Amino acid sequence: MSEFILEVENLKKWFPIKRSLGELLRGQRRWVRAVDGISFKIKQGEAFGLIGESGCGKTTTGKLIMKLLEPTDGQIVFKEKDVTCLNSEELQEYRRGVQMIFQDPYASMNPRFRIREVLSEPLYIHKIGTTEKEKMKLAAKALQEVKLTPPEEFMDRYPHMLSGGQRQRVATARTLILSPSFVVADEPVSMVDLSTRAELLQMMKEVQHVLGLTYLYITHDLSTARYFTDRIAVMYLGKIIEMGSADEVIDHALHPYTKALIAAVPEPVSGKVGIIKEVPIKGEIPSAAEIPQGCRFHPRCLYAKPECWDQEEPELFEAEPGHFVACRRYKEIKKDSINEKVG
Amino acid sequence: MDKLEVKNLKLYYYTSKGVIRGVDDVSFSLGPGETLGVVGESGCGKTTLGTALLNMPTPPGKIVGGEILLDGEDILKLTENDLRKKIRWEKISMVFQGAMNCLTPVYNIRKQMMETIQFHREMEKKEAEERIKKYLNLVGLSEDVLRRYPHELSGGMKQRIVIATALFLEPKIVICDEPTTALDVVVQAQIINLLKELKEKLNLSFIFITHDLSTEAEVADRIMIMYAGKVAEIGTNQQIYGPQGAAHPYTQMLMAATPRLHQRVDNLAFIPGTPPDLLSPPSGCRFHPRCPQVMERCRIEEPRLTEIEPAHTVACWRCFHE
Amino acid sequence: MNIKGIKDNFRDFWGEFSKVKYGMVGLVLFFIFLLIVVLEPILIPFPEAGKRWRDITYWEDNPKNAAPAWTNWFTTKKLTPQSILDDPEIKEKKAANTQVLEAVFKYDYFYDVPPIDLILRATGKGLINMVIELERPDGLTLEVTKKSIKLSSEAPIRVSLDKEGTSMVGEFLKSYEDPVILQGISMSTVKPVEVFFVQAQNRLLDNPVPLKGEYRIKLTSVAVGSNSFLKEPEITVAGRVFGLMGTDASKRDIWSGVIAGTKWALLIGLLTSAVAVVIGVFYGVTSAYFGGTVDQVMMRLYEIFQSIPLLPVMIVVSAVFKPSIWTMILMMCSFFWVSSVRTVRSMGLQIKEETYVEAAHALGASNRRIIFKHMVPQLIPYAFASMALQVPVSIVYEASISLIGLGDATIVTWGQILHDAMQGGAVLQGIWWWIVPPGLFIAIMGMTFAFLGFAMDTILNPKLKTR
Numbered sequence: 001m002s003e004f005i006l007e008v009e010n011l012k013k014w015f016p017i018k019r020s021l022g023e024l025l026r027g028q029r030r031w032v033r034a035v036d037g038i039s040f041k042i043k044q045g046e047a048f049g050l051i052g053e054s055g056c057g058k059t060t061t062g063k064l065i066m067k068l069l070e071p072t073d074g075q076i077v078f079k080e081k082d083v084t085c086l087n088s089e090e091l092q093e094y095r096r097g098v099q100m101i102f103q104d105p106y107a108s109m110n111p112r113f114r115i116r117e118v119l120s121e122p123l124y125i126h127k128i129g130t131t132e133k134e135k136m137k138l139a140a141k142a143l144q145e146v147k148l149t150p151p152e153e154f155m156d157r158y159p160h161m162l163s164g165g166q167r168q169r170v171a172t173a174r175t176l177i178l179s180p181s182f183v184v185a186d187e188p189v190s191m192v193d194l195s196t197r198a199e200l201l202q203m204m205k206e207v208q209h210v211l212g213l214t215y216l217y218i219t220h221d222l223s224t225a226r227y228f229t230d231r232i233a234v235m236y237l238g239k240i241i242e243m244g245s246a247d248e249v250i251d252h253a254l255h256p257y258t259k260a261l262i263a264a265v266p267e268p269v270s271g272k273v274g275i276i277k278e279v280p281i282k283g284e285i286p287s288a289a290e291i292p293q294g295c296r297f298h299p300r301c302l303y304a305k306p307e308c309w310d311q312e313e314p315e316l317f318e319a320e321p322g323h324f325v326a327c328r329r330y331k332e333i334k335k336d337s338i339n340e341k342v343g
Numbered sequence: 001m002d003k004l005e006v007k008n009l010k011l012y013y014y015t016s017k018g019v020i021r022g023v024d025d026v027s028f029s030l031g032p033g034e035t036l037g038v039v040g041e042s043g044c045g046k047t048t049l050g051t052a053l054l055n056m057p058t059p060p061g062k063i064v065g066g067e068i069l070l071d072g073e074d075i076l077k078l079t080e081n082d083l084r085k086k087i088r089w090e091k092i093s094m095v096f097q098g099a100m101n102c103l104t105p106v107y108n109i110r111k112q113m114m115e116t117i118q119f120h121r122e123m124e125k126k127e128a129e130e131r132i133k134k135y136l137n138l139v140g141l142s143e144d145v146l147r148r149y150p151h152e153l154s155g156g157m158k159q160r161i162v163i164a165t166a167l168f169l170e171p172k173i174v175i176c177d178e179p180t181t182a183l184d185v186v187v188q189a190q191i192i193n194l195l196k197e198l199k200e201k202l203n204l205s206f207i208f209i210t211h212d213l214s215t216e217a218e219v220a221d222r223i224m225i226m227y228a229g230k231v232a233e234i235g236t237n238q239q240i241y242g243p244q245g246a247a248h249p250y251t252q253m254l255m256a257a258t259p260r261l262h263q264r265v266d267n268l269a270f271i272p273g274t275p276p277d278l279l280s281p282p283s284g285c286r287f288h289p290r291c292p293q294v295m296e297r298c299r300i301e302e303p304r305l306t307e308i309e310p311a312h313t314v315a316c317w318r319c320f321h322e
Numbered sequence: 001m002n003i004k005g006i007k008d009n010f011r012d013f014w015g016e017f018s019k020v021k022y023g024m025v026g027l028v029l030f031f032i033f034l035l036i037v038v039l040e041p042i043l044i045p046f047p048e049a050g051k052r053w054r055d056i057t058y059w060e061d062n063p064k065n066a067a068p069a070w071t072n073w074f075t076t077k078k079l080t081p082q083s084i085l086d087d088p089e090i091k092e093k094k095a096a097n098t099q100v101l102e103a104v105f106k107y108d109y110f111y112d113v114p115p116i117d118l119i120l121r122a123t124g125k126g127l128i129n130m131v132i133e134l135e136r137p138d139g140l141t142l143e144v145t146k147k148s149i150k151l152s153s154e155a156p157i158r159v160s161l162d163k164e165g166t167s168m169v170g171e172f173l174k175s176y177e178d179p180v181i182l183q184g185i186s187m188s189t190v191k192p193v194e195v196f197f198v199q200a201q202n203r204l205l206d207n208p209v210p211l212k213g214e215y216r217i218k219l220t221s222v223a224v225g226s227n228s229f230l231k232e233p234e235i236t237v238a239g240r241v242f243g244l245m246g247t248d249a250s251k252r253d254i255w256s257g258v259i260a261g262t263k264w265a266l267l268i269g270l271l272t273s274a275v276a277v278v279i280g281v282f283y284g285v286t287s288a289y290f291g292g293t294v295d296q297v298m299m300r301l302y303e304i305f306q307s308i309p310l311l312p313v314m315i316v317v318s319a320v321f322k323p324s325i326w327t328m329i330l331m332m333c334s335f336f337w338v339s340s341v342r343t344v345r346s347m348g349l350q351i352k353e354e355t356y357v358e359a360a361h362a363l364g365a366s367n368r369r370i371i372f373k374h375m376v377p378q379l380i381p382y383a384f385a386s387m388a389l390q391v392p393v394s395i396v397y398e399a400s401i402s403l404i405g406l407g408d409a410t411i412v413t414w415g416q417i418l419h420d421a422m423q424g425g426a427v428l429q430g431i432w433w434w435i436v437p438p439g440l441f442i443a444i445m446g447m448t449f450a451f452l453g454f455a456m457d458t459i460l461n462p463k464l465k466t467r
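Protein chains in written order, with the numbering used here: chain S, 1 to 343; chain Z, 1 to 322; chain H, 1 to 467.
These aren't lab readings, by the way, just hints derived from the structure by calculation. Mixed in with the good hints, there may be bad ones.
In silico DSSO-like links for lysine-lysine, alpha-carbon gap of 30 Å or less [what the hints assert, rightly or not]:
1) Lys-10(Z) to Lys-86(Z)
2) Lys-93(H) to Lys-147(H)
3) Lys-111(Z) to Lys-18(S)
4) Lys-272(S) to Lys-111(Z)
5) Lys-146(H) to Lys-94(H)
6) Lys-282(S) to Lys-199(Z)
7) Lys-277(S) to Lys-86(Z)
8) Lys-86(Z) to Lys-7(Z)
9) Lys-127(S) to Lys-147(H)
10) Lys-205(S) to Lys-41(S)
11) Lys-352(H) to Lys-135(S)
12) Lys-373(H) to Lys-141(S)
13) Lys-277(S) to Lys-199(Z)
14) Lys-135(S) to Lys-7(H)
15) Lys-282(S) to Lys-196(Z)
16) Lys-78(H) to Lys-64(H)
17) Lys-146(H) to Lys-191(H)
18) Lys-201(Z) to Lys-282(S)
19) Lys-272(S) to Lys-91(Z)
20) Lys-199(Z) to Lys-272(S)
21) Lys-78(H) to Lys-133(S)
22) Lys-196(Z) to Lys-7(Z)
23) Lys-18(S) to Lys-352(H)
24) Lys-7(H) to Lys-137(S)
Remember, predicted model here, so these are calculated numbers, not experimental data.
Between the sequences and the hints, there should be enough to build the whole structure, so can you do that?
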């Protein structure tokens with residue numbers, strides 16, 4: 001068996017834009033290129049982070065992998081099986097193996113369902129457990145796995161009667177009840193209070209070790225990504241622009257965009273009040289409907305040279321062992337920034 | 001001088017289920033040109049505090065006690081009319097949480113800003129327009145956003161507009177409620193930089209409300225930590241974030257639970273349990289059920305906010321003993 | 001959802017509902033209507049009113065166009081109200097071949113205008129000889145009639161004392177009335193019953209003074225023959241004012257009609273709205289959930305149905321086919337479902353985008369499961385509210401169809417009563433008691449369900465909710 005559980009090859013998702021009458025007559029079509037050709041491989045048992053600002057296509061990628069959206073182009077291979085196109089039976093089978101935790105745990109549960117019903121829903125769908133008693137036993141086990149004990153205390157509550165952290169635990173329990181091998185976690189802690197955020201992440205890590213899970217962790221928050229993931233990929237406007245081990249990418253970022261992101265993250269240390277922070281980036285993120293020519297980051301890049309917009313878009317390549325970047329000038333930029341620091 | 005002093009402020013919500021003590025006996029002061037950070041988890045009363053400072057509690061909330069002294073004048077004693085004419089937006093303004101998403105989609109920015117300005121003060125159209133342009137420049141926007149509609153603007157631009165709107169009538173104190181929460185990191189950093197610049201240029205005082213300790217570290221001169229409607233700790237930036245560390249166990253634990261970007265940690269700390277239900281808060285210190293250093297006294301008696309070193313006050317029995 | 005869940009939900013709902021005042025008014029009214037339906041046999045004096053509404057013989061003892069009895073309270077001249085004397089003192093003797101039955105009816109008369117008629121009803125068989133006597137409070141006894149009836153089998157007997165008493169009254173008048181006046185009068189114009197109840201004195205025809213007090217009507221029957229008998233005699237006092245709501249031109253009791261019509265109004269209203277809303281909800285949800293071409297086609301079909309005006313179609317259908325309540329309900333169902341589709345569809349589109357629906361997709365839930373488990377339950381509150389609001393519409397539609405005379409002839413509905421009133425010229429003749437009760441009932445039932453609907457709307461529609 002391959003070391004990779006999930007392989008994504010040149011995955012694309014373009015959404016058509018509603019055309020004006022003029023465009024319709026001229027036969028023009030315009031697209032929002034939400035995901036514009038990304039490739040990555042996730043190893044068995046690791047936590048892979050997908051990082052980017054809002055609108056960079058990270059959530060769309062998650063939904064493509066969940067098969068909640070049909071890709072425009074490209075291939076998804078799960079456990080050496082092409083899952084890009086599946087019939088309904090195969091899809092059902094696939095969904096037992098691949099599960100998702102949503103950003104907002106409250107919205108992801110039907111407010112009219114009790115926890116008991118929330119947890120037993122996947123069992124009914126996949127016809128697991130013959131009797132009600134058996135199903136409840138499985139549900140109780142799942143609640144114990146996410147450290148909601150004693151389970152009986154939670155079974156009859158409604159989602160709104162739980163705290164944010166508890167809700168996200170229930171959402172996690174619901175995905176674990178099918179014993180999946182791969183979980184897509186889309187910003188699982190962004191709506192949870194700080195004091196319980198770490199607890200939740202730790203629980204997810206423990207579950208990962210116990211059950212041998214693989215995570216795709218989608219987030220905009222570099223700090224939790226560093227804590228939670230082994231490898232990360234940074235997305236910008238539908239493309240991966242840097243990928244490597246979490247420590248490597250954050251401590252030795254190569255791409256100017258990643259550098260800007262890292263510089264922008266606030267740190268809880270004293271003595272920064274009077275200082276205006278340098279964020280090495282220009283302007284704002286353009287619309288995914290009008291992606292710039294050449295390197296798509298060049299209009300915002302402080303180091304851009306004509307080659308960046310004249311030549312073709314740079315592809316992701318291995319700059320250092322296990323560390324990929326999509327920038328032609330990363331070496332010069334590295335030198336530049338070292339010089340700056342020295343200067 | 002524009003000094004704000006809040007003494008024993010109480011704002012309770014009278015709901016059908018009982019009385020929720022949203023802000024319970026909160027005292028602090030804010031000097032001119034100072035930024036006070038208010039930090040706490042959701043439901044700790046930090047937004048409630050913001051609305052209380054403008055004396056406009058959201059129903060069913062009522063201010064039931066305390067004083068808010070602005071240059072020695074208690075604004076809680078003013079009539080609604082006086083408040084609108086003399087205080088709100090004139091002296092204290094507020095950037096509400098999510099205000100950038102509350103711009104009306106059917107009007108352009110000019111109309112929206114114009115309406116706000118004319119609602120608060122009678123002003124010639126031309127003068128108002130001049131003022132709008134001045135403040136747009138100050139927040140780093142060009143004048144052509146005036147013709148645009150909210151959906152044509154990015155989150156960062158909308159937030160700048162909301163900030164500009166709050167500054168129109170030249171208040172000296174601006175309350176910012178989670179101004180950067182919904183924004184991406186890069187934009188967040190830009191907005192924080194903007195607030196810092198404005199503070200310098202206009203000599204403003206800020207009350208910066210957020211749940212994020214890291215952001216607070218970058219903007220606030222002094223930090224007030226709130227827990228369950230009460231003040232847990234007030235200290236300077238150095239006292240809270242400095243190497244010596246905060247004094248209150250809650251602050252310490254929050255700090256430990258904050259993931260750091262430039263450190264690899266294997267196990268983040270966390271605070272067990274959940275914040276208390278404000279309908280029936282725990283006896284004694286409200287943090288005691290979650291506190292690892294709990295003592296017998298914490299369960300029975302409520303600690304008062306006490307100065308443990310200059311400018312550093314804490315409400316914790318442990319701190320007084322040592 | 002388990003039973004406990006439903007119970008809890010209901011308790012929450014009730015807690016909120018009981019706070020809405022007009023909702024409670026609606027609920028009380030609704031229960032009153034239900035009570036009316038259940039207690040119909042007790043409430044109405046004519047148990048077969050519903051079935052025999054158009055049978056003239058069923059109503060023949062009643063006065064025509066009589067005002068409600070309570071109008072007496074507002075007039076100085078009291079009119080005799082309709083009443084039935086069914087509790088006579090009976091003495092029965094049975095000999096070998098004869099049955100002798102003596103029944104004495106007591107009647108307290110204290111009105112100013114005498115009844116129209118006194119009607120004796122009984123059941124008998126064989127050869128029956130009857131003597132009917134009237135004992136007046138002033139001590140006079142009149143032998144009203146002597147009559148022999150031969151019935152080959154058991155049959156009802158009906159004797160109108162007004163008709164039978166003509167000859168006797170002639171005698172009576174001769175002894176008391178001024179002969180000069182008597183000469184100028186044809187006996188056929190004298191109504192015997194009117195004479196029974198006036199004081200015996202001169203000028204009693206011109207200037208009748210009512211004789212108030214207890215009257216005794218004595219029936220003596222001798223049934224000859226081995227199987228002959230007479231039983232269950234009773235006397236109907238055919239009054240000039242009638243019951244709670246008076247009578248119409250066909251002598252029908254309007255109260256009975258209105259009460260008997262309640263169940264039909266409820267049936268039409270509830271059945272039509274329930275079927276229509278259920279169809280509407282499923283149509284709307286399906287359209288919203290599948291979207292795309294399915295949605296397009298379904299919405300066009302919906303628009304077609306929506307743009308056809310129902311009333312003309314119903315008129316045509318009722319004219320072509322034999323008008324029946326069931327075809328009417330069917331027609332209304334097949335058009336009224338459109339009323340909830342738009343809202344349901346837009347709500348469905350909203351729910352479809354909810355994260356929990358996406359989560360259900362991610363769990364592998366089938367379309368059917370998502371529609372029935374996640375979407376429809378969210379719409380039930382709306383469905384109930386719109387059902388309640390649809391009820392009055394259905395009732396008014398049925399009334400409209402009946403009003404133009406195309407209603408179901410086998411039942412009685414409020415609309416039909418109104419139709420008859422219009423035909424009978426009730427408005428011109430000022431017979432308001434023929435128009436007001438059915439109209440008022442239609443209005444109150446409409447109001448009942450409108451109140452219920454609004455109340456549910458307020459509670460269940462979060463947009464209208466204020467803390």
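Hint-by-hint comparison with the structure:
1. Lys-10(Z) to Lys-86(Z): holds (23 Å)
2. Lys-93(H) to Lys-147(H): Judged against 30 Å, a Cα distance of about 20 Å means the pair holds.
3. Lys-111(Z) to Lys-18(S): holds (29 Å)
4. Lys-272(S) to Lys-111(Z): It is violated: about 38 Å lies between the C-alpha atoms, which goes past 30 Å.
5. Lys-146(H) to Lys-94(H): Since the Cα atoms of Lys-146(H) and Lys-94(H) sit roughly 21 Å apart, the hinted pair holds (cutoff 30 Å).
6. Lys-282(S) to Lys-199(Z): holds (23 Å)
7. Lys-277(S) to Lys-86(Z): violated (36 Å)
8. Lys-86(Z) to Lys-7(Z): holds (21 Å)
9. Lys-127(S) to Lys-147(H): Violated. Lys-127(S) to Lys-147(H) sits at ~87 Å, over the 30 Å cutoff.
10. Lys-205(S) to Lys-41(S): holds (20 Å)
11. Lys-352(H) to Lys-135(S): holds (27 Å)
12. Lys-373(H) to Lys-141(S): Answer holds: Lys-373(H) to Lys-141(S) is near 24 Å, not above 30 Å.
13. Lys-277(S) to Lys-199(Z): Satisfied, since the Cα-Cα distance of roughly 15 Å is no more than 30 Å.
14. Lys-135(S) to Lys-7(H): Status holds; Cα separation ~23 Å.
15. Lys-282(S) to Lys-196(Z): holds (19 Å)
16. Lys-78(H) to Lys-64(H): holds (18 Å)
17. Lys-146(H) to Lys-191(H): Holds: Lys-146(H) and Lys-191(H) sit about 18 Å apart, inside 30 Å.
18. Lys-201(Z) to Lys-282(S): Holds - the C-alpha atoms of Lys-282(S) and Lys-201(Z) are around 23 Å apart, at most 30 Å.
19. Lys-272(S) to Lys-91(Z): Distance of about 28 Å is within 30 Å: holds.
20. Lys-199(Z) to Lys-272(S): holds (15 Å)
21. Lys-78(H) to Lys-133(S): Violated: Lys-78(H) and Lys-133(S) sit about 77 Å apart, past 30 Å.
22. Lys-196(Z) to Lys-7(Z): holds (27 Å)
23. Lys-18(S) to Lys-352(H): holds (21 Å)
24. Lys-7(H) to Lys-137(S): Holds, at about 25 Å.
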